[in-house]
Amino acid sequence: MVTTTDYATQATLKPNVFRRMWTDGQLKMLLIFLPPALLVFTVFVILPMLQAGFFAPYKWSGYGPAPWVLNEDTGREFGRWVGSQNFERMWGHSAFQQAFENTLLVIAVSLLIQLPIALFLALLIYQNSRINTIFRLVFFLPYIMAEVATGLIFSFVLDGNYGLSKWFSDLMGYETAFFPLAEKPWAFYSILAVIVWKYFGFHMMIYIAGLQSISKELIEAARIDGATATQRAFFIQIPLLWPAITISIFYSVLGGLQVFDLVMPMTAGGPSNSSHTLVSYLYNFGFVRLNVGFGSAVGVFLFAVGVVFALVYRNTVQRGQ
Amino acid sequence: MKHVSLTLAASLAITASAAVADVTVDVLSINRDSTPWLGLYTDAAASYEAANPGVKINLQFMEDEAFKQKLPTLLQSDAAPDMFFSWSGGVFYEQAEQGFLRALDDATVSEWQQELSAGGMAALSHNGKYYGAPEASQNVAIWYNKDHAAALGIDPTAIKTYDDLLGAVETAKAGGVTPFVVGGQDKWPLHFFYSLIAMRIMGQEGMAASAAGDHGGFNNDDWVRAGQEYMRLIELEPFQPGFMGVKYDAATGLWGDGAALFHLMGDWDLGASRGAATNGGLSDDQLGVIPFPMIEGGKGAITDTLGGASGFVLTKDAPDEAVDFLKYFMGVEVQKAAASGGVYIPTVPSAGGLVEDVILKQFAAIGGASTYHQLFLDQFFGSELGGAINDVSAQMATGDITPEAAAELLEETRAFQ
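Those protein sequence lines, which keep their order, are chains A and B. Under this note's numbering, the first residue of the first sequence carries the number 1, and numbering increases by one thereafter. Under this note's numbering, the first residue of the second sequence carries the number 1, and numbering increases by one thereafter.
Check each hint, because a few of them may be wrong.
[As the list claims (entries may be wrong)] Derived DSS-like pairs (lysine-lysine); straight-line CA-CA distance at most 25 Å:
hint: 1; chain 1: B; residue 1: Lys-129; chain 2: B; residue 2: Lys-68
hint: 2; chain 1: A; residue 1: Lys-59; chain 2: B; residue 2: Lys-70
hint: 3; chain 1: B; residue 1: Lys-160; chain 2: A; residue 2: Lys-59
[Claimed, not checked] Sample of chain A residues lacking proximity to chain B, with all beta carbon distances greater than 12 Å (derived):
hint: 4; residue: Phe-44
hint: 5; residue: Ile-153
hint: 6; residue: Leu-181
hint: 7; residue: Val-279
In short, the hints are calculated from the structure, not lab data. In this text the structure is predicted, and so the values were computed from the model without any measurement. Even for Gly, the Cβ is constructed at its ideal location relative to N, Cα and C.
Start from the sequences, fold in the hints, and give me the full structure.
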């Protein structure tokens, strides 16, 4: 039961909180650091997102400040209102359907192949020792490399005219070299393999940090009770690691929705638009083809998928963390 | 003290040069900051500056793709150049329609038409207004490797019909030589095949009708037949292994290394293939050029040409000095230097005869005899429809779309555009 005194205490709480924040410097920090971050976030994230929403119902080449602005030189508006046509065309476009499917495939492979590999390796090398440090460095190195550089390197590696692919084909005595990036069934799988190779180290590091925070006594006790390494992993370490795993899944899915830099140098979305992701599709069919309205429609869809996932995930899997 | 005086001297020098250069003309070009283009451009700028004190020419270069991406934003900013390179076509039409370009006045147009190429001027005009001056003429033709042709017993100069060409492809395949190299990943090299076949089938009128949306636009018998004829070639597997994973630069390197009998490409390929090849590329003696052959029953002619019509156009706030420099930059004197220096095939009629390079001469002859010059379809029809043409050219090459579906898709894209 709430008494009158409780209300009085609550009423004085707020000023006290601010006063305390002021005296311990928190409020000052907030006033100094928040506005620049908020400004940058608004200008580069919020505003473009809103703009994309407004541009999506227009056929617009990108010339002029906005599609609805009157062009004084011509007496017409820069763009043309097409309503939902951009979205309809997007849904009906086979390249878009393929790009969407590919994006889902990236997410599936990240969750079902990349994260288990990362977890397995983390369990092997999480303890501090010199040799484990070397392994961590080696596994983490691909993540440090720039995406575009990685894509370029693999486009050479997988080139049947000059690359490792040629060397391998010659070694195996194949009559014609293997060109994985030129073959529709293989092109996107090659990209997937590179994605797994490049990002597993990042997730491994998240897991290593999580594993190191698990109390050594707990593991020791289980060991004394006769638990095997597999039992310790499945019944103690992985359950205690769950918060780290949920974060890693979150990054994987959102990262999967944003794959772009590896696709462009490796296949540029080809052969025949078979290896586009949603973002490379947006870039090629929106910006390269001067169809900013259409690109915005794709952007709105991509944004909606990301927001829906984030909200659902935060309110279900990550609830209470 | 020495430091201070040096700074003072430098600032005086800057002030002095600013005082002399009253007007700066900013010229934005695609990637031509390598020889022999760069030499031609800087010489032209220097001689113009010498003859016109008070005018400074500021040449800027941008890699082709970056140029395409940045131009829309650049044209709307304060940093817009006074003139820039243009491939003509749909993007140029959009820029003109949206009022980003400066139109030439009638007197200037009629004066320029006398000296420069009237056809090239027309390529840089839209809705009756002229916006720039033409530079190089580009034509696409079939290059052949004389060594391979001799070894296979093929006489490429005897190829007059499409069936002759398909026959040569089969002979090459049987002889273990790759018939064509192509940079399939870029798609546009594949669209040359589809475009030339379509041009031979429907001729100038058919192409104009497609652009206007007449006779079903792109969804008609001519376009379907173009796809079918293209598929006849594709079914012979004429390209090098892995052609869909190779960009133009790498493909032309393979061509320069002697990897194929034919290469369907423009005149610019001469320098490009030699630059990309591992050993300097094929010599003039090893190279030959033939026009794309005629298709039986087609309404076009073997003398119809596909190519570029590039030049420079003026932006809306360009000063009069920019107009004057453009006339000089694309004018007879500079184009003659370009022709004799083997830089490009000039559009100015009086400079055409000066081309000395034995290969460029053959292209100049093809261009000179042109009965109808079609701009590259991926540029002529604008980014969206042009991109779709590139897409279906690649999709047919990988067997992902039928000629009928390709024609339908193109028409749907045209109608939306």
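Evaluation of the provided hints:
Using a Cα cut-off of 25 Å, the hinted pair Lys-129/B and Lys-68/B holds, with the two alpha carbons roughly 23 Å apart. Distance check on the hinted pair: Lys-59/A and Lys-70/B sit about 20 Å apart at the alpha-carbon level, within 25 Å; holds. Straight-line distance between C-alpha atoms of Lys-160/B and Lys-59/A comes to about 44 Å, which puts the hinted pair past the 25 Å bound. Remark: the non-interface label on Phe-44/A is consistent with the geometry, its nearest Cβ contact in chain B lying 15 Å away (cut-off 12 Å).
Every C-beta of chain B lies more than 12 Å from that of Ile-153/A, the closest at about 15 Å, which supports listing it as non-interface. The claim that Leu-181/A lies off the interface is violated: its Cβ sits roughly 4 Å from the closest Cβ of chain B, which falls inside the 12 Å cut-off. For Val-279/A, the shortest C-beta to C-beta distance to chain B comes to about 15 Å, beyond the 12 Å cut-off, and the non-interface label holds.
Violated hints, in rising order: 3, 6; the structure is consistent with all others.
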